[in-house]
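Undergrad: One line per chain: the protein sequences are A and B, in this order.
Quick note: our numbering has the first sequence finishing at residue 444, numbered continuously throughout.
Quick note: our numbering has the second sequence finishing at residue 444, numbered continuously throughout.
Some hints here could point you the wrong way.
Where chains are identical, the list cannot tell them apart; a pair therefore holds if satisfied intra-copy or between any two copies.
[Stated by the list, open to error] The calculated lysine-lysine pairs, modelled on DSS-like cross-linking and capped at a C-alpha distance of 25 Å, are:
| hint | residue 1 | residue 2 |
| --- | --- | --- |
| 1 | Lys234 | Lys196 |
| 2 | Lys374 | Lys99 |
| 3 | Lys99 | Lys370 |
| 4 | Lys370 | Lys427 |
| 5 | Lys312 | Lys99 |
| 6 | Lys312 | Lys201 |
| 7 | Lys370 | Lys312 |
| 8 | Lys196 | Lys312 |
| 9 | Lys374 | Lys327 |
| 10 | Lys370 | Lys408 |
| 11 | Lys239 | Lys196 |
| 12 | Lys424 | Lys439 |
Hints are computed from structural coordinates only; laboratory data are not their basis.
As the structure is a prediction and not an experimental result, all values here were calculated from the model.
If you want the building blocks of each chain, they are given just below.
Number of protein chains: 2
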Amino acid sequence: MWEIPRPSEPPPCAYNSASILSRGREVEGSRALAERYFQHTFPNGLTLLGERMPGMQSAAMTLMLQAGSATDPVDRSGSATILSDLVLRGAGSRDSKQLTDYLDRLGLQRSSSVGVHHSRFGCAGLADRVIEGFGAYSDIVRRPHLPQVGFDAARDLALQALAGLDDEPRQKLLIKLREWHLPSPYGRSSMGTKENLEKLTLELAKADHAQRYHPSGAILAIAGHIEFEQIKAQVEKHFGNWKGQAEGDIKIMPPPGNFHHEEQQSEQTHIGIAWPSIPETHDDYYTVRMAVEILSGGMSGRLFTEVREKRGLCYSVWAGYSSLKGQGSILGYAGTSNDRAQATLDCFMTELHRLSDGVTQAELDRAKIGLKASTIMSGESTSSRAGAIAHDFFMRGRIRTLDEIKDSIDAVTVDRVNAYLKANKPGPFTIVTVGPKALNIT
Amino acid sequence: MWEIPRPSEPPPCAYNSASILSRGREVEGSRALAERYFQHTFPNGLTLLGERMPGMQSAAMTLMLQAGSATDPVDRSGSATILSDLVLRGAGSRDSKQLTDYLDRLGLQRSSSVGVHHSRFGCAGLADRVIEGFGAYSDIVRRPHLPQVGFDAARDLALQALAGLDDEPRQKLLIKLREWHLPSPYGRSSMGTKENLEKLTLELAKADHAQRYHPSGAILAIAGHIEFEQIKAQVEKHFGNWKGQAEGDIKIMPPPGNFHHEEQQSEQTHIGIAWPSIPETHDDYYTVRMAVEILSGGMSGRLFTEVREKRGLCYSVWAGYSSLKGQGSILGYAGTSNDRAQATLDCFMTELHRLSDGVTQAELDRAKIGLKASTIMSGESTSSRAGAIAHDFFMRGRIRTLDEIKDSIDAVTVDRVNAYLKANKPGPFTIVTVGPKALNIT
Chain A
3 MWEIPRPSEP PPCAYNSASI LSRGREVEGS RALAERYFQH TFPNGLTLLG
53 ERMPGMQSAA MTLMLQAGSA TDPVDRSGSA TILSDLVLRG AGSRDSKQLT
103 DYLDRLGLQR SSSVGVHHSR FGCAGLADRV IEGFGAYSDI VRRPHLPQVG
153 FDAARDLALQ ALAGLDDEPR QKLLIKLREW HLPSPYGRSS MGTKENLEKL
203 TLELAKADHA QRYHPSGAIL AIAGHIEFEQ IKAQVEKHFG NWKGQAEGDI
253 KIMPPPGNFH HEEQQSEQTH IGIAWPSIPE THDDYYTVRM AVEILSGGMS
303 GRLFTEVREK RGLCYSVWAG YSSLKGQGSI LGYAGTSNDR AQATLDCFMT
353 ELHRLSDGVT QAELDRAKIG LKASTIMSGE STSSRAGAIA HDFFMRGRIR
403 TLDEIKDSID AVTVDRVNAY LKANKPGPFT IVTVGPKALN IT
Chain B
3 MWEIPRPSEP PPCAYNSASI LSRGREVEGS RALAERYFQH TFPNGLTLLG
53 ERMPGMQSAA MTLMLQAGSA TDPVDRSGSA TILSDLVLRG AGSRDSKQLT
103 DYLDRLGLQR SSSVGVHHSR FGCAGLADRV IEGFGAYSDI VRRPHLPQVG
153 FDAARDLALQ ALAGLDDEPR QKLLIKLREW HLPSPYGRSS MGTKENLEKL
203 TLELAKADHA QRYHPSGAIL AIAGHIEFEQ IKAQVEKHFG NWKGQAEGDI
253 KIMPPPGNFH HEEQQSEQTH IGIAWPSIPE THDDYYTVRM AVEILSGGMS
303 GRLFTEVREK RGLCYSVWAG YSSLKGQGSI LGYAGTSNDR AQATLDCFMT
353 ELHRLSDGVT QAELDRAKIG LKASTIMSGE STSSRAGAIA HDFFMRGRIR
403 TLDEIKDSID AVTVDRVNAY LKANKPGPFT IVTVGPKALN IT
């Protein structure tokens with residue numbers, strides 16, 4: 003089975019190509035908008051976002067707190083990850099087992115993750131069960147038990163996951179690529195480091211919870227079979243009197259350098275290439291997205307065609323836009339056998355340099371169609387929509403409509419893409435490799 | 003980010019818990035059924051399955067041909083995989099680049115894979131574009147160019163993917179587990195072996211195409227925003243005069259043994275445990291599914307609770323039902339640090355043996371809710387539905403309704419589960435490990 007994977011933070015499909023699908027196209031825009039979307043910021047700083055999706059029986063919720071890897075205490079990277087596990091081990095009136103049993107009895111499919119900016123808790127299920135679960139999620143973020151035995155288990159698992167990375171050279175490469183490409187602390191891995199994780203104690207985790215689990219700047223997004231008034235009342239009930247304000251400055255440090263080789267006796271060489279781009283709030287955001295689609299969008303993307311299909315150089319190759327607040331990057335990856343690694347890197351770089359020669363109208367047309375289709379399709383998934391409106395609000399302070407996104411895509415012309423690419427050659431590059439030997443960077 | 007992965011062939015979520023969601027519950031059953039589903043077998047043996055999903059703009063198509071790893075020629079395992087790549091490299095009036103460009107211009111998200119029974123080609127996109135793509139998919143399976151240069155690239159990529167397995171010990175373990183658990187040729191990996199792939203030639207691939215790409219027993223399933231008459235006419239137009247009949251007997255051979263250790267200097271030890279179960283057409287299928295849910299369904303599943311949450315023994319642990327035609331298996335997995343591997347295996351086995359002591363009503367209730375919720379949610383995804391109705395037809399010769407599945411789940415009682423578990427202790431076990439040293443099997 004083949005796939006074209008994309009960088010994971012944030013998922014470009016789920017978040018960057020965030021679409022707002024107005025099904026009620028026959029009614030005039032603003033009414034359809036009002037019927038479909040809801041946004042409310044409570045006095046304590048928590049913002050509730052809602053999207054009604056007619057025809058669905060399910061709903062999905064995403065709760066994002068400003069506790070990401072970037073705000074992990076300086077010498078305790080991985081702290082948010084430990085905490086996001088630990089808070090699930092008993093909260094409110096339920097111990098760990100009771101809490102898990104309760105959420106399973108609601109039939110909720112759950113996930114949790116830590117990104118650069120946020121800790122996220124998500125669940126999906128039948129709509130009324132998701133809403134019923136708000137009380138438990140309020141307990142989880144506000145009233146976790148934070149037991150010692152849970153802390154020990156959570157830290158053990160985090161250390162194991164870190165050690166296991168040596169068995170996953172591809173994932174290791176992507177972590178290293180961010181570390182060498184982005185300024186610290188944005189480039190730090192949410193998995194932490196062995197040294198930092200070993201320094202953590204239950205008391206430090208408790209202090210971190212008090213410091214970073216706050217309503218201020220938090221986002222609760224829900225999409226699916228919902229009624230706004232009911233949601234608002236439930237969120238008010240469970241989160242309305244939550245208090246607190248996150249503090250703390252981030253001290254920005256440049257990454258260690260531009261080129262890095264991590265020696266590992268692996269069967270394949272893993273190559274990561276990154277370069278800076280504009281943030282997604284920039285007027286040329288869709289100009290850049292189109293260029294990246296042409297480079298690596300569908301199967302007809304240049305990288306896939308040149309590196310994989312024509313030359314059979316490697317099994318997996320892609321590039322994608324990756325978004326942080328106020329800062330965009332393009333990340334690229336190729337995994338290949340050791341003897342083809344140099345040729346793969348050379349071919350990859352050739353394609354990047356070739357971008358400044360411009361793209362064709364046919365390439366742009368395909369890219370537009372691809373991005374619009376995936377936009378509409380993500381509009382049929384409650385989980386994608388909950389993630390997308392939360393991401394939109396965090397990045398832009400508001401939810402975008404489908405028509406706005408469609409118009410933005412349609413407005414991109416081949417002249418604009420080519421002018422941009424001519425004026426903005428890819429680079430400066432960060433190149434990271436994992437494998438038995440270093441490659442020539444020319 | 004945590005997840006509870008499941009075995010991949012077939013995905014129990016997408017296929018085994020295949021749900022049929024009748025939204026038109028207010029109209030009486032048979033009419034709702036007729037409005038929602040469609041099934042037609044053409045004289046050439048191709049079966050068309052359709053599911054209308056109101057409220058969707060997209061559609062997803064799955065095309066399954068009886069060319070799976072089990073029918074790969076004896077000394078040429080991997081042949082179906084090479085072929086499933088090669089047929090996409092030019093077909094009908096379009097060369098490789100034109101075909102890729104055309105499908106991207108339709109905005110179709112594509113996938114292809116080879117399982118035990120079938121080669122599958124799938125696509126999803128706006129409904130009218132998916133239907134427009136039928137002509138190209140007809141070319142792909144009926145009139146591929148099968149060029150030498152495409153064959154060389156496809157085989158190179160397959161060899162690379164195989165070599166890359168050493169960097170993915172978890173995936174390698176799951177392949178080895180099937181190989182040692184299932185009788186040959188059902189246990190053979192669709193990725194083939196190096197020796198076999200090197201024997202393949204373009205001529206052999208062409209012969210294999212002539213031999214196995216046939217309408218007889220093929221299934222084309224489409225779900226989403228569709229009209230049955232239109233679909234039927236389009237399929238008839240593009241596939242109606244396709245001829246051919248697959249031949250060939252499968253010679254069943256027992257697996258090499260029950261215990262296998264694959265030495266690898268990995269950071270983690272990967273443990274696979276399998277044992278035989280009843281096929282999914284058996285009356286007790288949902289009895290078994292409930293037992294497996296209780297063992298490893300939600301976060302409150304026994305394996306997750308005991309092995310991971312309570313004892314912090316390993317990062318990833320699960321078990322799931324895996325289905326072949328006429329034969330079921332339970333597959334289990336745990337990945338852990340080398341020093342905890344023996345304790346993890348012991349704890350895993352303890353949980354398996356403990357099954358025969360029975361389960362509680364509360365455990366069964368949670369399992370039912372979880373399975374019904376995931377059933378309803380997969381009913382909101384066109385790709386899940388297309389896969390589910392195709393799987394249902396292949397396994398049972400018909401599509402099942404949601405009510406039928408719900409009734410089957412509801413009919414399971416704690417007495418029935420406990421009687422089954424008492425009479426059917428798990429085993430005999432196949433245990434495979436990948437890591438630096440072998441474990442004690444007691």
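Undergrad: Each hint needs a verdict: does it hold in this structure or not?
TA: Outcome of the hint check:
1. Lys234 x Lys196: Answer is neither; intra-copy 42 Å and inter-copy 59 Å both fail.
2. Lys374 x Lys99: between (44 Å within a copy, 22 Å between copies)
3. Lys99 x Lys370: between (48 Å within a copy, 18 Å between copies)
4. Lys370 x Lys427: within (22 Å within a copy, 56 Å between copies)
5. Lys312 x Lys99: between (54 Å within a copy, 9 Å between copies)
6. Lys312 x Lys201: Only across copies: lysine 312 and lysine 201 sit 22 Å apart there, 50 Å inside one copy, limit 25 Å.
7. Lys370 x Lys312: within (24 Å within a copy, 50 Å between copies)
8. Lys196 x Lys312: Result: close only across copies, 22 Å inter versus 42 Å intra.
9. Lys374 x Lys327: Answer is within; shortest intra-copy Cα gap is 23 Å, inter-copy 39 Å.
10. Lys370 x Lys408: Classified as within; 9 Å inside a copy, 42 Å across copies.
11. Lys239 x Lys196: neither (40 Å within a copy, 62 Å between copies)
12. Lys424 x Lys439: neither (34 Å within a copy, 56 Å between copies)
Hint violations for this structure: numbers 1, 11, 12, all remaining hints satisfied.
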